[in-house]
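Student: Chains as they are written, first to last, in the working numbering: chain L, 1 to 319; chain D, 1 to 618; chain X, 1 to 335.
FYI, nobody ran anything at the bench for these hints, they're computed from the structure.
Yeah, the Cβ is synthetic: ideal placement off N, Cα and C, and Gly gets one too.
There's no promise every hint is true.
To be verified - In silico contact screen, one side only, chain X against chain D (beta carbon under 8 Å); selected entries:
1) Glu54
2) Gln94
3) Ser96
4) Met101
5) Val192
6) Ala196
7) Pro264
8) Ser265
9) Pro268
What the hints assert, rightly or not - A few chain L residues that don't get close to chain D, going by computed Cβ distances all over 10 Å:
10) Gln67
11) Leu76
12) Leu98
13) Ile111
14) Ala134
15) Ala141
16) Gly223
17) Leu301
So you can see what is in the structure, the chains are spelled out below.
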Amino acid sequence: MLRYIALRSLVALFLVWVVVTVVFLLLHLIPGDPAELLLSTGNIAADPAAVAALREKMGLNEPLWQQYISHMAGVLSGDLGASFRDGASVIEQIALRLPRTLEVILAAALIATGIGVPLGTFAAIRADGKADAAISFFASAALSTPVFVVGSVVILIFAQQLKILPAGGFVDFSEDPVEHLKLLLLPAGTVALALLAVIIRMSRASVLEVLQRDYVRTARAKGLSRGPILRRHVVRNALIPVLTVLGLEMGTLIGGTVLVEFVFNWPGLSGYLVSAVDARDYPEVVGIVMTISVLFVFLNLVVDVVNALFDPRISLVTS
Amino acid sequence: MSRATRRLILPGAIAAVIVALVLLAPVLPLDDVRGMDIPHRFAPPSAAHWLGQDEFGRDVLARLIWGGRASLFIAFGSALAAAVIGTTLGLLGGYFRGVVELLTVRAAEIILCLPPLLLALLVVTILGAGTWPLILALTILYTPNYARVVYAATQQVRGLDFVTAQRAMGTHPLVILIRTILPNVLPPLLVQASLVVASAMVIESGLSFLGLGVVPPTPSWGLMIRAARGAMEVAPLLLVWPSLALAGTILTFNLLCDRLQSALDPRSVTAGGALWLRPRARSASKPATRPAASEEAPLLEIEGLSIAVNDLELVRRVTLSVRPGETMALVGESGSGKTLTGLALTGLLPDTLRVTGGTALYTPREGAPIDLAQLDEEAFRALRGTEISMVFQDAAAALNPVLRIGDQVAEAIRVHHALDGAAMQARVVELLRHVGIPDPERRARAYPHELSGGQRQRAMIAVAIANNPRLLIADEPTTALDPTIQAQILQLFAQLKRDTPGMGMIFVTHDLAVVAEIADRVTVMYAGEVVEEGPVTEVFARPRHPYTAALIASVPEGGAERLVAIPGAVPSPHKMPSGCRFAPRCTHAKPVCTQSAPRRSHPSDTRLTRCFRWEEVT
Amino acid sequence: MIQDTPTAPLVIADRLGRNYPTRQGLLGQKHDVWAVRDVSLSIAKGETVGIVGESGCGKSTLGRMMLGLETPSTGSVSFDGRDLSTLGGAERRQLSRRMQMVFQDPFGSLDPRRSVGAQIADGLKTHKIVPASEVKAEVARLLEQVGLPASAAQRRPHEFSGGQRQRIAVARALSTRPDFIVADEPVSALDVSIQAQVVNLLMDLRRDLDLAMLFISHDLHVVRHLCTRIAVMYLGRIVEEGPAEQVFGSPAHPYTRALLAATPSLHPKPADDTGRILKGELPSPASPPSGCAFRTRCPLAEDACAAAVPALDPVGTGWRAACIKAGRVNAEDAA
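Okay, chain L solo, but in the shape it has when bound (with noise of 0.2 Å):
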């Protein structure tokens, strides 16, 4: 089992490193000066010296691996750099907002599966029903309809019509908990919807998969009561999928949160990404598309070694 850990953990960091050496390439190789851009204001071209001067200080200027090897070395002593807009430390910055980020993550995954793991089970208990066919429906429809429609919809409802709940915005917990979590509800109750759907889907097929087997047979065989063969043999066979596309999905959602994050002005990890990217500010873009596939690559390992716990046959199946 540890060795099963430490292998994945070797891999994960080869596409880290991965990762990041591709997003640097591409940040260096496409057309566009950081220097230029940032100097330049509205149409007026930027004073050529004074372009020439930052990208010396930018080390702009080094050869592109001097520039890679010193871009490396910062980042594995856990330095990712100042960013070039305003000097902030990038780390800092990130450290700030992820939280944030992972916050509202965190909160829809609750809810989503809360409700969705039952809803899915009965849904396939009652398959082929009408509640089985209401349920698959609200679903898909779920499914369907991308983040900022529900965002912006809710936002409709709830603000503007309803008038009880703030349209968007950020309050530290520590300055007001109740406003917070306010804030917090829509944003996590708008990303739990999607999320909701595909666990409702999942679970769902999973059950009805899970029924079909002979283990349940035997165990119905065996006289056991609805309840322990639900139980035992049912849906703890059943969620080692569901959980995989949880953890999938919840990797997905670490850098997938920035339409919501727009929608309601929550200033995570995903709105600072844009605006960097916009800027063309690299040790900004880097620092966090790094950060966001080490989580990303971090919570698939995660999926697979719960996944290991729950499944005692996929230690063999690797060996």
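Knowing the structure of chain L, use the given hints to seat chains D and X on it.
Tutor: Same frame as chain L, but now just chains D and X:
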């Protein structure tokens, strides 16, 4: 047309209408999408402008249709491009493996290390906003998805015998890829394609919404929503139209994809859920009545049992009896209904099947005989394990993969006996030892996959006998095993018979030689009916039904130069011959055989046959 | 080393081995797993050699190597005097006309999406067996040869029963007019009454076409009925090989005896014979016992058996067994 195909019509038709609308946009009498009409900004729906006018007074309906054109063009364009590239990579990687796999599929998968929206954002920011950069971004994004799906399907198909047959025939690998593999990976590919179209629309609209996608003044649904958000207080409807259009279109493609999947791959749809899980009101079972008690009461007496799916009879008027301590072999080819008969006795028939007639009187340890044909799930549960128990064919599938062997045995004991930890542990180990599992203390903690096939079947038997059942039904328990292991398991069954003299056993099998080894009496089934019954030695020595005789003669034992083959094949339940069901394959058939079904005849007190001509031909 | 046959052997396997190395754990050492080890076998025209053994004994891998579908790790296969490993892709494909395969699963061996006729015609077209204008007639002839109507050509595989599909698979194998056919468990998936149809068909073809056939099966009765020579495999090696009557009539190797004793029969042996049932299970191919692989289950095993892998030595004319006590087994039998 099947139900799955019918369900395709609605989303298919809507998708067709949507595609037709955006294709016909240039010829439809629509207003100019850029024609501003500032005095009438935010005008509500009217005869001239069915959906009203936007913040510049432009016609919303026209912008909606042209916006759809842009969205769908980008979605379909990138889905198609990604499909072509991804399928090629997946096919090559899946078929050739090795280095090719590394260069194609694995390389493409690096893209999957980035969250999709993030990647699209990167590409679009680098190349600038606009339709073509969007298509490029989405193509890069979805290529690995296709590559993965096609790769997995190719790997699956490539191992199939018909592909090996092509290789053995000397067909060129590229011809095999195109002629044999591609058509067989098309179903998952089609499903993936409609999924990608829907997903691409989500990302395209999201980027346009952020101002990074389609460039104004080209209309786009994402842009329209973005603009409408600013005017939410003045004209909330402006937000509703594009939202509906966007969500509706994506929903249509998602539904199309779901239903396409179930139409293309019927196996993936497990119909019906599980009826046994739903509490059902059911009339109390009628008390069973037994004809005047015979000197030796049978443990089980089945009379005229029929099982049907809808109105199709799969098992017809089966008669069977088992006395205490007796082993009855139920033998027949596939489709003979032998397994269904066994399942019906424990109430474990698949949901679509039900008992449609007859009685199955079972004599429990205490109390009056029970008619198993009348029981509901609740009543069966009380009997299972302790009165009637089952051993299934495929122990690897019949044991729960995530529970330890010991726990699965303990679970069976716990249903009928309250035992505490240590006592339970001792009982489990004792049972495992009893069925011949070496080192039972340690094996009790093993998972099913850690045991060999023979040991798994032994564990399965331990589960079945955990509560000392009076009737053990074994459904092809040795079929999947190797000869030396099969011999061990047969020996175990023989030992169980000796150790529990009162236990009756129904041994379902297709193997006549196994019947000869294990059973006291044999019931031969053909096409859902019992054709012959009697003591094994007598039946094998002198079969009194042409089918039994032919079956024995077709076993390649003994020195016959040429085997006796039964011509033709077992009839399908849809096309059962009238009269005797074996008549079309029977060498002794006469016109009388096809006119009516033969009645039961008794060549002796202990024998039964169902043939018009048994006296002449056997 | 290879037994005398009236005609020169068509296919010769020389010390064939196939290794599937696997890693124990993810960072562990590579571990050799020999599916087939040191197998030498020859097949002449008109001869049917049966390979029997339990699952995992390597009989299918051996069959695929003899057709060139799998590359041997050691040793070589020569067909009509040409070493398969020296042939290039095109040459190899050329030669494949003369060697064909029939598979176990009648539902997996035919492409569900193409008509039966098209699949039989593939071989005819690839190797230009008949002019394009005669392909249709040739397909009809092949179908009739295996007892199916010519109209079957237009239909898809799913319209046929298991036995009929297996006949179609035979017709496809025959389409290139091969000299050598490997049949890998061709009747195992069929019902008893249908098995006999296919067994009879194979016997007729062998007689009419003078084919060399390798017949792989775990069903001893079928093998005994159909084959002229039999090779018994255990854990990747041949433990006994010889004429069918000798190998199954008076087996020289204790494993062959155990296999025969374990096979259920319509005429069951007396109860005291159950003592002959083998104890234990097949060892893992990843860690086979030292010396004779069978010694862990062998009723005759002694210390000497662990010392070295016993050689496949002659015990009679064209009859070999790999057991240091092979002679004594026979003596006991006679006693």
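Student: Against each hint, give a clear statement of whether it holds in the structure.
Tutor: We went through each hint and held it up to the structure:
no., hint, verdict
1, Glu54, "holds (4 Å)"
2, Gln94, "holds (7 Å)"
3, Ser96, "holds (3 Å)"
4, Met101, "holds (5 Å)"
5, Val192, "holds (6 Å)"
6, Ala196, "holds (4 Å)"
7, Pro264, "holds (4 Å)"
8, Ser265, "holds (5 Å)"
9, Pro268, "holds (5 Å)"
10, Gln67, "holds (18 Å)"
11, Leu76, "holds (19 Å)"
12, Leu98, "holds (14 Å)"
13, Ile111, "holds (21 Å)"
14, Ala134, "holds (15 Å)"
15, Ala141, "violated (6 Å)"
16, Gly223, "violated (4 Å)"
17, Leu301, "holds (12 Å)"
When the structure is compared with the earlier hints, violations turn up for hints 15 and 16 and for no others.
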